[in-house]
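J.: All chains, full assembly: derive it from the sequences and hints.
Those sequence lines, one after another, are chains A and B. Just so we're aligned, residue 1 is where the first sequence starts under UniProt numbering, counting upward by one. Just so we're aligned, residue 1 is where the second sequence starts under UniProt numbering, counting upward by one.
These aren't lab readings, by the way, just hints derived from the structure by calculation. None of the values given here were measured: they were computed from a predicted structure. Glycine included, every Cβ here is placed at the ideal spot set by N, Cα and C. Any given hint might turn out to be false.
[As the list claims (entries may be wrong)] Only some residues are given here: those of chain A computed to face chain B with a beta carbon under 8 angstroms:
#1 E11
#2 T59
#3 E65
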Amino acid sequence: MTIPERRNTVERLDRPSAYYIGKNKKRRHNDESEEQKDPMEGLRHATTLYVGNLSFYTTEEQIHELFSKCGEVKRLVMGLDRYNKTPCGFCFVEYYTHQDALDCLKYVGGTKLDERIIRTDLDPGFEEGRQYGRGKSGGQVRDEYREEYDPGRGGYGRAYAEEQRRREDEEYGPGR
Amino acid sequence: MADYERRNHGPRGGRKRRYRDDDDYDRRQRRRYEEPLVVKVRRQLLTIAESAARRPEDDALNVAKSVAENYEDEELRDSFIEISLDLVLEQPMKIPFIATTILVANTIKSELVTDVLGRTAERLQSNVNTGAWREVKLLLRFLGCLQCIFEGDGIFAILEELFSRAVDLQTASSEDLIGLELVKIILYTIPYVMASPATGFESQALSLLEKTDIIASTPHALVDLVNPFGPDTDRSSSVASVISLLQSQLQGESTRGWGLACLPRPWNTVRDGDEPKRLQDGPKHTFPRITIPSPVRNGSRAIFPEVYLSVYGDQDIETVPPTSDITSSLLRDALVDTLNIMDFNRIATAKFLIDVDCYFTPNIFVKRATPFDRLRDVPGDRSTWKPEDVAVDAVFSQLFQLPSPEHKLVYYHSVLTECCKIAPAAIAPSLGRAIRFLYRSLDTIDLDLSHRFLDWFTHHLSNFGFTWKWSEWIEDLELPAVHPRMAFISGALDKEIRLSFAQRIRGTLPDPYQDLISEGKEKDNPDFKYMLDSTPYATEGREIMQLVRRKAADEEIQPLIAAIEEHASNLGVENPILPSTDAFVTSICYVGSKSLSHVLSCIERNKERLLAIGPKSPSARRQVITSVMEYWVDQPGIGINIIDKLLNYTIITPLSVVEWALIDKLGGGALLAQTHIFEMISATVGKVTNRLRQIVAARTQPGLYEPQLSVLDETLTREKNDMRALFQVIENSVVSITGGSNDELMERGDGSGNLPEDEIIRQWGKRWLRVFRRKAAVEEAYINDAMANATPVGTNAPTPPPVPIEENAAAAAVGDGDLDVADADADETASIS
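T.: As structure tokens, then:
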């Protein structure tokens, strides 16, 4: 019998996010017959982090400067707009060790880079294709419908801005 | 895991619905249920003493009553005991409050306390066995607070036994550190015993103190190694070892009736209804039996002597307890343990630090966030200690811990950031005073620490809009570039730009600083020097660049390389491979200047040619470094980064980096003042020592036999010699500066070597030497310690008893893994990088 891992007296910051766990749950719902798997299994030795909420203008060098404080960075993959191939506000940072990745979750996730609070999440590993945004217009999905103006991420959400423009055209006539 | 239980709503449905308003109402209705007792107790226990608005004694009483009166509820009992001990080990500032809960429980149901003691003994024993001395200290502190419920001498028997082990170790070796650690545990336990409800133990405490004096008060040989200030500076003597301080503070307390003003005594103020409750009258228990091995061993954390550093020690008004007061040690110890244990949640840590006044006697502090200037108005008999200064001071003590703190430096940065986010008005001014102290200390503080300061300072500012009162350092801009303060300012601006961009940082600076940010720093892609026809080999250089840009095959590049070399030979250049290497590497830098991945893929494509340069001559290897660093002269951070990757590719060697900086470029030594040079050499040395530690780990893993043992041992010996050679090169070059045998240093100015800057440069040399001598000593010690228990070379595997086939296969697999490590130098990129 293995001794269950001791629970800490306060929550740990080096756990995968609700997003990852939620994604796993959904998959299990669709395939009930599948053997119940520990959602953490794919992350037990993960050395990669997904990094989100970056400004489109943040460079690899800036990311490297901050993230190497947690250990040597093995690889850095910038998230790109599927069509323009320009940065679209996320990246993957791969370390050499699992511990460095956990430390990064604990010490860097939720702090500022380029004056924005960045988000980090443990990731099972980069695969070709994942560097591109999955939004309709090529960027990240969250930048499609965003109603707030974010100068670091291309202004309003693209679908939202498009919709606004269409509505204005209807109201005031096109090509104002 | 209960946390991930699956809810029973249909596929997909659950998540979206949560956001619908009407449903939200339903949910709240459903949530209204009676909280099970175990959940309530858990919550009360976990948050005990956290709020200044509640009396922790009341919570202690409630928890103790709930559990003791429901003793037969196994889940409740079990959860109470486990959480109590978890808190002892994770949130040490709560120990007196947990102990109070136990003392109350003892008066109601002493069987519960018997269970608690049993479980405490288990944890204590296992931590003693593994040498986890911090955990031992905390569990003993807990038991020390319970001293009044033990028969006879209680905790003193085990303290005496620990002392006798310490004596054994100290007698065996004057360099022993584990013995010192044991004495430290004894000394940190005594005050909690003396503040506990137990009475009549003064003579036991005093007799222990008399015995520990000789060990605690003798300065350890290694204490100079960890002094944050250089050995021949004024500040150096003001830093005392933690253990000697504590010894004398305790002796002082013993003559003053063990006042121990800072320690809370929640056990004295427990009230049941209106009745005060006497806790020392409960049934007695025998002190748990713990076996202390002889000799004791050390666990995974390396032990070094510790010194007491405060960044608030030289102010005209006391904002932290002085080292003459035992409060300084007791607060520091509890805060540092909290900080180092709780690295898994920096936000919770920051909260605990800010709440420090909840966990100690409240009136030893002024009110939170009292401005420094207002402290002058505090009446003479009242404390002027600021809780935020005490908390922040503890974080700095770890950030500036030599040779290195328990966690990565960035952890301590992140805690300070969180403190500042939670209580900006209280914390920011405290940080400001700390920064000013450190800035004033720049010429005396250890060089490694001045770089930690630089790194923290810039990282911190990057989290708070890069705002700093630069105007107060304007006068220092008149200082020579090699002055430590000027070097700090230039280094800080460079680091800020690395985290941001030049124009942004320019906008945060007053006018006089503008000249420090060169135009080159604003250029994303530095110019390609071969664009100027006046540059030698300009035509060939441009052609090579074009070829690199369009990913031409190596055969196309070769004729141009040959052309430069021939051209150079005709000009009488002694080493024609240098100009050709320069053109090639500069082209790669230029073509790859768009981003790190661009330059990496460029290096990758031209790997073969780059790898071939190194073996041709050491000066060619160094030319590679020169070309990179000259191309990125305005943004050395990027240059260092590329050098680091070139090391991983083994295109250059660690030795070539050190020789490049400390021989080729050393000049009169002014280079030693440049922060990026120190960063580059530290990173390179770090790479070498990390690799060596990996090899040591492979060599010392248990269950290793011949022939792998010999293979690994040879690798270790070889790499160890390489490391020593590297340190020796640093030593020899820097000694030439400090000893005045460096020709260029002597020939500057009037040749006297007595220019004002010459003395500053010699000081830089001394500080460099101290850092790298310490690094060398620490690595040697690490290897020796690890090898002390390694299987000796020549040990053959025991004849295996008959085992099932699968296990055999597993054993063979382990053997294969070992060989991989031994062969690592054949595949250096894989392991060094």
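J.: Against which earlier hints does the structure fall short, listed by number upward?
T.: none
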